[in-house]
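S.K.: Residue strings, one per chain:
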Amino acid sequence: MHEFELEYLNWIPLLWVCVFLIIMVLFIIIGKIFFRDDFDEMSEQGLPFYSGTSNKMLQLITASNLYWGFKHTLQSYFDSLNRLFISNLGDFIQWFIIIVAIMLLIITGALM
Amino acid sequence: MIKHVPVLLVAIPLVVAFMLPIIGMVNRTIRTITAGVAIVIIMVLSYLLIQDVMICKKIFYYMVGSPDPTALFEHGLTFPIRIALKIDQFSLLFIIMATTLSFLFYLFSSQYIEENERKNYFTVLYVCMVAGMMGMLIANDLFTFFVFLEILSISSSALVSFRTERKHPPYAGYKYMFVSSIATSFFLLGIAFLYAQYGSFNIDYLKKVMDGTVLDKIAIVMLILPLAMKCGVVPMHMWIPDTYSEAPAPISSMVKLGSLICLYGLFRIAFTFGSHVYVSYELGILFILFGVLSMFVGVTQALIQKDVKRLMAFHAVSQVGYMLLGVGVGLSVIKSGDASFAIYGKIAMIGGLFHVINNALYKGLLFLTSGIMVRHYKTRDLNVMHGLAHYDKFTALVFMIAALAISGIPPLNGFVSKLIIYESVFHYNPLLTLIAIFVSVLTLASFMKVFYSAFLGMPPERKPVEQPILVKFSMVILSIIIVAIGLFPQGIIKLLIEPAVNALATF
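First to last, the protein sequences are chains A and B.
Count the first sequence with the working numbering and you get residues 1 to 112, in order.
Count the second sequence with the working numbering and you get residues 1001 to 1507, in order.
Everything labelled a hint here was simulated from the structure, so no lab data went into it.
Remember, predicted model here, so these are calculated numbers, not experimental data.
Incorrect hints may have been included.
Now the in silico label distances, taken between C-beta atoms and shown as ranges [to be verified]: (1) B:1464 / A:65: 57 to 63 Å; (2) A:101 / B:1375: 28 to 34 Å; (3) B:1464 / A:83: 50 to 56 Å; (4) B:1118 / A:101: 42 to 48 Å; (5) B:1437 / A:31: 43 to 49 Å; (6) A:24 / B:1375: 44 to 50 Å; (7) B:1342 / A:41: 55 to 61 Å; (8) B:1381 / A:31: 36 to 42 Å; (9) A:101 / B:1378: 25 to 31 Å; (10) B:1040 / A:89: 49 to 55 Å; (11) A:101 / B:1065: 55 to 61 Å; (12) A:65 / B:1059: 52 to 58 Å.
Backbone N, C-alpha and C fix where the C-beta goes; we use that ideal spot for every residue, glycine too.
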C-alpha cells in the first residue's frame, strides 16, 4: 500500500471523542472548584439580560441581521450574481447553451 | 435467484407502483405498507449483492428478453437495442445508498404527509421515483438510462408540485419539468450521435468501438452537460433553490438523492467515454472548475438567505462542488502516465465518492429537519423563527448533528470525506484546498445562523406538536449513521468506496 494511502486510514476518530470527554470532565471539575457557588439558575440570575428595549420581539437579533458586514462588503458581488441569475426559465436555456458552447470548444480541441 | 437481482431491483418498484392505486382504493394502510415493503425488499436485495460484487469482484449482467438473460452479452452486438443491465462495484455503491435513503425518507413521509385521497398519488409517484433511480443505476445501455432518467424526472416534478406549506409549488414543479426536459432532450441528442455512428446503445460496446471522432466528443458533451445541469452545477444551478424550497421536506431529500444519481451518470460517462477518447484531462479540469465555482457561489449565496429551505438548497449546490473537485482531480490525472494517480488521484476520487454518500445522509437529514421547522412556524422565514429548542430538543439535536457534519466538524462523517479531499487535492494544487477549507468555514457560519435563528432565543409562542414515531425514527437512524461513519470510516471505505473507485478508474 502506498504511503499516502496510510495517512487517511490512520485517522482515529475515537481519539477525538476521548479528548472531548476528557476536556468535559476537566471543565466540570474546574467548574466545581472555581465557579461561584451562590449561582441559582432559578432566580433572577438565570434570566437573560436585554438592554435598549423592553419589547421582547425587538430584543431578538434576526437572521437578516447576522453577517451584515459580510453582506455589505460583498454587495457588488451579490448584485452581479443577481443580475446573472434572475431565475427566469429563459435563463436556464441561456446558461446551458453558453456552457455547451464552451465545453464543445474545449473538448473538441477547437481552441488549440 | 441472486442472478436475477438486477432486473428485480427495477421490476419490483415498477410493478408495485402500478398496483398501488388499486390497493389504495381498497385500504390506505395496506397501500402505505405495500410501498414500504417494496422498498425494503430492494434494499435487502442490494445488501445481498455486497458479498458477490464488493468482496468477490463479480459483475452482474442481465439482458432483458434474452433466452438466457444472465449470459454475458457485454458487447451487446447480438441485440443492439435490448435492455441491458449491469451491476458492478460503482453502481452497487449508489444502489445501496439510494435504497437505504429512499426507505428512511419513506418512513418519514409516511407520517409527515397527511393522509387523504391525494396521498395515493404521492405514494405511487414516490415508488416511481425509486424505480427511476434503480433503472438509471443498473442500466448498461444509454437508451434505458434515458428512459429511467425521464421516469425519475417526471415523478420528481409531480412530487415537487405536491401540496406544501406555500401556495405556489406547481410553478416549482413546472420549472423542474422544464429544466429536466431541456436536459433529457440534449441527452437524447448525444445518444443519437453515438447510435448513428456505431449502431448500438450498449455502453460497454460503445466504449470498445469509439475512436475519438469529433462527433464522439460532441456526443460526450451532450451526455455530460444535461446530467451536470440536473446535479445543479453552477452556472446551471438556479432551479435548485426554487425547486428544493417549494417541495415537501421528504421530497426535497429525495430530489437531492435523485440529483446524486445523476452525478453517478455524469461520472460513469466521463470515465467510460472520456478516458477512451483522450479527453479525460480536459474533462477533469472542467470538473474542477465547475466544482470550485459551485462550492464558492453556492455557499456565499446560502450565507445571505433568510429562507431556511433556500439556504439549504444553496448548500446542496455547494456540496456538489466538493464531489466534482475530488473526482475531477482523479479524472484529470488518470491518464497522466506518471505516479500522480497512484499518489493522490485515487485518494481524491475516494474522497469525492465518500462525500457523495455523506452528503446524501446529512443533506437528507437537514431537509427533514427543515420540514419540522417550517411546519411549526408556518413559514420558511428565519427572521420569524426563534427558540424552537426550548420545546423540541430532539429536532435541535438532530439538526445540530447534520449541521456539524455538513460543516466538516470532527468526528462526523463530513469531516472525514472533506479531510481526504483536502489532503489529496493539496498535492494537485494547494490553492484548491484553501478554497475548499474556506467554503467549509462559510458553511459552518451559515448553519450557525440557522441554529441561532430557529432554535435559540425566546421560546416560541406555542408549543410544537409532538412528532410521530416514524418521523423521529427515520431521523434517529440517519443521525446514527452519520455519527457511525464519522467514527468508523475505514470500514465503509474499504468495503464500499475503494472497490467503487477501482471500478470507476478501470471503466
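S.K.: Does each hint hold? Answer for all of them.
M.R.: Verification of the supplied hints:
1. B:1464 / A:65: 57 to 63 Å: violated (24 Å)
2. A:101 / B:1375: 28 to 34 Å: violated (44 Å)
3. B:1464 / A:83: 50 to 56 Å: Given about 40 Å between the Cβ atoms, the range is violated.
4. B:1118 / A:101: 42 to 48 Å: Between residue 1118 of chain B and residue 101 of chain A, where Cβ atoms are some 43 Å apart, the hint holds.
5. B:1437 / A:31: 43 to 49 Å: Violated, since residue 1437 of chain B and residue 31 of chain A (Cβ atoms, about 33 Å apart) do not stay within the stated range.
6. A:24 / B:1375: 44 to 50 Å: violated (34 Å)
7. B:1342 / A:41: 55 to 61 Å: holds (58 Å)
8. B:1381 / A:31: 36 to 42 Å: Holds, at about 38 Å.
9. A:101 / B:1378: 25 to 31 Å: Since the Cβ atoms of residue 101 of chain A and residue 1378 of chain B sit about 45 Å apart, the hinted range of 25 to 31 Å is violated.
10. B:1040 / A:89: 49 to 55 Å: Roughly 39 Å apart at Cβ, these two residues miss the hinted range, so it is violated.
11. A:101 / B:1065: 55 to 61 Å: violated (40 Å)
12. A:65 / B:1059: 52 to 58 Å: Since the Cβ atoms of residue 65 of chain A and residue 1059 of chain B sit about 56 Å apart, the hinted range of 52 to 58 Å holds.
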